[in-house]
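Novice: Sequence:
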Amino acid sequence: MRVAPNSIRNLYDFEVERDILFFKVNRQGLVSFHGVNYNLKKPMTREQLTKLTKEGTFAEVASNCYVNLLKVLAMNEDSVCLGAASTGAKNLPLTKRQLQGLKSRMMASRRVPS
Numbered sequence: 001m002r003v004a005p006n007s008i009r010n011l012y013d014f015e016v017e018r019d020i021l022f023f024k025v026n027r028q029g030l031v032s033f034h035g036v037n038y039n040l041k042k043p044m045t046r047e048q049l050t051k052l053t054k055e056g057t058f059a060e061v062a063s064n065c066y067v068n069l070l071k072v073l074a075m076n077e078d079s080v081c082l083g084a085a086s087t088g089a090k091n092l093p094l095t096k097r098q099l100q101g102l103k104s105r106m107m108a109s110r111r112v113p114s
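In my numbering, the protein residues as written are 1 to 114.
A hint or two may mislead.
Stated by the list, open to error - With a cut-off of at most 30 Å between alpha-carbon atoms, the simulated DSBU-like pairs for lysine-lysine come out as follows:
hint : residue 1 : residue 2
1    : K51       : K90
2    : K54       : K90
3    : K41       : K54
4    : K51       : K24
5    : K103      : K41
6    : K41       : K51
7    : K96       : K24
8    : K103      : K90
9    : K54       : K42
Stated by the list, open to error - Distance ranges between label pairs, derived from CB positions:
hint : residue 1 : residue 2 : range
10   : E47       : A74       : 28 to 38 Å
11   : R46       : A74       : 24 to 34 Å
12   : T53       : R97       : 27 to 37 Å
By construction, these hints were calculated from the structure, which means they are not laboratory data. Note that the Cβ used here is the ideal one computed from N, Cα and C, for glycine as well.
Using the sequences and the accompanying hints, generate a full structural model.
Specialist: In structure tokens form, the structure reads like this:
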């Protein structure tokens, strides 16, 4: 089977703000990106992570977990629903304290979920 060269897509070619719901960072600098239908791990430098989190799209909900504020659909008592209504959603379990912090960050950035 032959595949056309233009149809091959690198797994690491994605737009973080558009495609990623949340990401987690481990101690070795390996970042685990979570999308609607996939999870990817990619090594990143401290500078890349700082740039990613300083833009205001991602809010820190735990010491190693960041949520895309643009992808928050709803918040329950024990989780946040991320994604798009048309493509499905993922539930990320959070503590009440983490949810309260996320709500305050969303109000500060004026991105209130519907």
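Novice: Compare the distance between the alpha carbons of K54 and K42 with 30 Å, and conclude whether the hinted pair is satisfied.
Specialist: holds, 19 Å
Novice: So if I understand the rule, the pair passes when the alpha-carbon distance is 30 Å or less; does K54 with K90 pass?
Specialist: holds, 24 Å
Novice: Quickly compare the C-alpha distance for K96 and K24 to 30 Å and report which way the hint goes.
Specialist: At roughly 19 Å apart (the allowed maximum being 30 Å), K24 and K96 satisfy the hint.
Novice: Take the C-alpha atoms of K103 and K41, compute the straight-line distance between them, and say whether it is at most 30 Å.
Specialist: At roughly 27 Å apart (the allowed maximum being 30 Å), K41 and K103 satisfy the hint.
Novice: Is it true that E47 and A74 lie within 28 to 38 Å of each other by Cβ?
Specialist: Given a distance of about 34 Å, which is inside 28 to 38 Å, the answer is holds.
Novice: Are the Cα positions of K41 and K51 separated by 30 Å at most?
Specialist: holds, 18 Å
Novice: For the pair supplied as a hint, K51 and K90, confirm whether the alpha-carbon distance does not exceed 30 Å.
Specialist: holds, 25 Å
Novice: Could you tell me whether the CB distance from T53 to R97 stays inside 27 to 37 Å?
Specialist: violated, 20 Å
Novice: Below or equal to 30 Å on CA atoms is what counts here, so check K103 against K90.
Specialist: Status holds; Cα separation ~18 Å.
Novice: Would the pair K41 and K54 pass a check requiring their Cα atoms to be no farther apart than 30 Å?
Specialist: Since the Cα atoms of K41 and K54 sit roughly 21 Å apart, the hinted pair holds (cutoff 30 Å).
Novice: Could you grab the alpha-carbon distance between K51 and K24 and see if it respects the 30 Å cut-off?
Specialist: Holds. K51 to K24 sits at ~15 Å (cutoff 30 Å).
Novice: Is the gap between the beta carbons of R46 and A74 within 24 to 34 Å?
Specialist: holds, 33 Å
The structure fails to meet hint 12 from the earlier list, while all remaining hints are met.
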